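Chains H and W, in that order, are what the protein sequence lines are. The first sequence begins at 1 in the working numbering and counts up one residue at a time. The second sequence begins at 1001 in the working numbering and counts up one residue at a time.
I should point out that these hints are in silico values taken from the structure, not numbers from a laboratory. Every value quoted in this text rests on a predicted model; they were computed, and no experiment measured them. Every residue, glycine too, gets a C-beta built ideally from N, C-alpha and C. Any given hint might turn out to be false.
To be verified - Under the rule of at most 25 Å between Cα atoms (straight-line distance), these lysine-lysine pairs were calculated in the DSS-like manner:
#1 K616(H) with K1109(W)
#2 K182(H) with K1025(W)
#3 K1109(W) with K182(H)
#4 K285(H) with K55(H)
#5 K726(H) with K1009(W)
#6 K538(H) with K474(H)
#7 K372(H) with K1025(W)
#8 K699(H) with K1174(W)
#9 K1004(W) with K182(H)
#10 K1109(W) with K741(H)
#11 K680(H) with K739(H)
#12 K422(H) with K1109(W)
#13 K1109(W) with K727(H)
#14 K1004(W) with K74(H)
#15 K104(H) with K4(H)
#16 K1174(W) with K373(H)
What the hints assert, rightly or not - Listed next, with one range per pair, are the computed distances between beta-carbon atoms:
#17 G100(H) with R1201(W): 53 to 63 Å
#18 E168(H) with S1161(W): 31 to 41 Å
#19 F1071(W) with E258(H): 50 to 60 Å
#20 E36(H) with D1013(W): 15 to 25 Å
Unchecked claim - Covered stretches of chain W (chain H as the covering partner; in silico rule of three or more C-beta atoms under 8 Å from a C-beta of chain H):
#21 1038-1049
#22 1110-1116
#23 1124-1136
#24 1181-1192
The chain contents come next:
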Amino acid sequence: MKDKVREILENAGGKYVILDGGMGTMIQAAGLEEGEHPETLVIREPEAICGIQRKYVEAGSSILYSCTFRANRKRVEGSGYSVEEIINGAVKVARQAAEGADHKVYVALDIGPIGELLEPYGTLSFEEAVDIFAEMVRAGVNAGADLIIMETMTDLYEVKAAVLAARENSDLPLFVTMSYEKSGRTFTGTTVESMVCVLEGLGVDAIGINCSLGPDDILPVAERLNAATKLPMLIKANAGLPDPETGEYGLNADSFVELMKPYKKLEHMTFTGGCCGTAPDFIEKLSKELNSGAGEGDGAAAAGEDEISGESAESAKAGVSAVSGESCARENPSVFSMGVSAPESTVICTPTQVVTIDSVKVIGERINPTGKKRFQQALRENDIDYILDQAIQQVEAGADILDVNVGLPGIDEPSMMVRVVKAIQSVVDVPLQIDSSDPVAVEAGLRVCNGKPIVNSVNGKDEVLHSILPIVKKYGASVLGLCIDEEGIPQTAEKRISIAEKILNTALSYGIPKEDLFIDCLSLTISAQQDQALETLKAIRHVHDVMGLHTVLGVSNISFGLPYRELVNSTFLTMAMANGLDLPIINPNNEAMMNAVRSFRALTCVDRDCLGYIDKYADYKPQAAAAPAVVPGSGNGSPAGSGDTGDPVAPGCDPAVLRAISKGLKADAVSAVNTLLDSKDELSIINDDLIPALDEVGKNFEAGKIFLPQLLNAAGAAGEAFEVIKKRIAASGSGAVSKGKIILATVKGDIHDIGKNIVKVILENYGYTVIDLGKDVDPQLIVDTAIREDVKLVGLSALMTTTLVGMEETIRALRDSGHDCRIICGGAVLTKEYALKIGADYYAKDASESASIAKEVFGA
Amino acid sequence: MNNKITQVKVHIDEALRYMGAGQTKPTAQIIRAAELVEEACRPRFTYRVFDLDPVSEEGRISCRDGSSGTFELPGKDIAGLLRDSGRCIIMAATIGNEVDRLIRRLSVKDMADAVIADACASSAIEDLCDSISEMFRRKAADSGLFLTDRFSPGYGDMDISFQRRIADLLQTQKRIGLTVSDSCMMTPMKSVTAVIGIADRPQPKLISGCGSCDMRDRCTYRKSGTTCGS
């Protein structure tokens, strides 16, 4: 594969490699109608397409994009041709166009976006996307394409699916270009730097920008790309912008080429051509401009060639630190060190957010069932929202990265890892750290992770190194290395350092760059082994300053068995950071720990002008004694709307609970329930206080006295109160309280889940166990779950007329299965008559009514 | 080109109506959600202008242009709307997927906030479409021309699947990041596709009442048997 890239560059003889130009305008000019399936033109009008491509060859193109941009199964459907036929035809046509050329011409399989958005925003699953691209890649390989170029991509997740498909089904060179707005982001928010971070990790051969804008507007984005990447760069700009009324593009060949001149200054610039609105004369003039006159183009292409051979990496490093947006001048040794060999900054990312490890960054540790009964219960009950809430809380508390561990006996860890990773990345925008001792779960998590993650972890054991590191390399992740080996935890700094060296050497042997390895020097409990704290610090300093590696540390072990643990923890954290700890793994909800991090950032000039510190603590007041406990997220005090008609009454119900819930006051609801728990058991509180309070609110909603937001505020307050009770029950181990299990799902084809989520909140707060199967749910999954969990009530939601068929199909599948259950349907376009007609037992017009129906079904 | 609309506004009274909260006064919670939505909006739109053939005997109307050939606009209602029009604008607009992300995040944290934000986002896309229509109206007026109302797939008898054809015609994925799924759902969620006629005489406001309202599928007033009266 590398040989092919090298060959292409060598053929260019140190000059820019010229690609082709636009097809659409040329097809129009040739008088061809694109119709509904333009991709079939290669079969319907092969001579015409070949003629256009030949003009590009004559203009100087040495890579032709075959007309396979949209030839994926979703788009080809209904055209009368298969993916295989179209791709085979397109590659042949391009090959024909190249015949008899006076220079070597390569034919690329061109892969564009599928045309539908991937989850979580669309309905297309990541796995299906990989499959769709894999079919194209296999067809391209069979047709004899020389390389694969993905272009006009806007979603980095879709790109990842395509790259994996290409790598798993071919060994062809792979170039990827995405389309950017002037802001330097794609439509889905992908930044240039995230694209570089992910695609360099996945091992593509060239990276670039195409379409969307003219050369002048792309230039600033290309400059950022040039600074961030170490790969050869590819640019295919549009001929300006199209006039919506005439469809014509703004630039002619001369002005296009004029605007392309500044690109010669970009050292990584290697491949270039034109996109929409460009024609053979653009390419001919571009080729002349860039490649005429000795020397001018040399630097660029030569630089590209070096990168391929892996010899030059210097320029890229500089680029990466420029990305951070913080001061780049700061050297990065530990605070007190002589700065012998400071680690290079490392970039990890989501598509929209880059985290540069050039100073202390916090890894949140809360998504982990170890020792947390409530979390274990959530995992067993598939309560993904509980986990998401933990994710959001940690990010709001200041976590830069989230550790994700879902390992629990009896849980299918790989599939749970996939579910949780997908769910977390749909609600928060921080990079993830995939944490598992099971290589299968690690790979499953890495595969679906959107962005560049970290793997937690490897250690010095050969077996672990050789099973995990190849996966880390394949998916381009960073990895933690724990200083443990077959002999257990070493007692001296020296031994830990030698294990770190072994891990480093093994990682390098797998092609994992040094900066992607983070070493954990282990913190041991000082109440048992007091001398170990200093050994840990000594090891951190050496690994960081001498070996030049980033360091990571789970801090809180240090104080185990001691009183006032957070004092020891935060002090040790400060000491560790001063010795070169980059990535503390802590609970970011713990104020003392975050205080240590924020003050450390201010003291070490990372937080410039102490702006972050001031922003956080400007309103700080020394704590008055015994301030009332405040629950996170309780700031939502004011209820919506004007249903504020004095304190409500409900017979038998605790007045404080009733008041708090009906006014949607979360903190008040929690403290009222806490007070009640002193005198009453959990179940009685649910039945005598919480549910009557919710009933009262529901009545007011029915009567039109309050509106949906207030109903949900009340449910939110009841939810906080329920959480107190659930925690109490989980801790006592007496099994969960449930009035019955209900499945909720938005049906296949539909992704509007707000209605379903409203119903869920209400039902949960009535004490039902809701199995939320999410949106776009396959009927079979609903049937299987209903049978497996013996669920007696299934709730289905659909928002659109086009997705009511999915509802009908699901009801039929449930009936056909013979499983005894009631079905309740709801959704905007649904009427009672229609719901009953398609076989539902109940129609609920709103969430409140669904609670009444549940009561009827379960008799409570 | 001066076809730029960078700001969209949430009309809180309208958002309250979408929530079924009628004439209530906006609370701090609602005002905060509206601000979050406005910040998350990334308004984008694209359009093309097509020539129209005269209405056929079957009461249908077709568009044509150089690259896409001739194609029929589905249904009789659109033919009625465009009967005086020689050309039409086919447009697509979105406030972007940042808003979808916001609503998703809120629905985990607090469903009430999510419902409010969803209503605010519906108001925001409506506001964007109104700004675009106004821009077209002014352009048309400069040439002494008049516009019809905006007509979207799903209105009247225009099949909702025409959304996919519009997405292809306008290359919405490439131009504004808008895609349409197999079941005709648009992503980003708060997006609109529509047809507007360009006529040489003033056009009556034809579209009023629930039949052609794009909120009719979600309208809580309609479900309870009343109308919003707007």
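Taking the hints in turn, this is what the structure says about them:
no.	hint	result
1	K616(H) with K1109(W)	holds (22 Å)
2	K182(H) with K1025(W)	violated (40 Å)
3	K1109(W) with K182(H)	violated (33 Å)
4	K285(H) with K55(H)	holds (13 Å)
5	K726(H) with K1009(W)	violated (42 Å)
6	K538(H) with K474(H)	violated (33 Å)
7	K372(H) with K1025(W)	violated (43 Å)
8	K699(H) with K1174(W)	violated (49 Å)
9	K1004(W) with K182(H)	holds (14 Å)
10	K1109(W) with K741(H)	holds (23 Å)
11	K680(H) with K739(H)	holds (19 Å)
12	K422(H) with K1109(W)	holds (17 Å)
13	K1109(W) with K727(H)	holds (18 Å)
14	K1004(W) with K74(H)	violated (33 Å)
15	K104(H) with K4(H)	holds (13 Å)
16	K1174(W) with K373(H)	violated (48 Å)
17	G100(H) with R1201(W): 53 to 63 Å	holds (59 Å)
18	E168(H) with S1161(W): 31 to 41 Å	holds (34 Å)
19	F1071(W) with E258(H): 50 to 60 Å	violated (38 Å)
20	E36(H) with D1013(W): 15 to 25 Å	violated (42 Å)
21	1038-1049	holds (count 5)
22	1110-1116	holds (count 7)
23	1124-1136	violated (count 0)
24	1181-1192	holds (count 8)
Hints 2, 3, 5, 6, 7, 8, 14, 16, 19, 20 and 23 from the list above are not met by this structure, while the remaining hints are.
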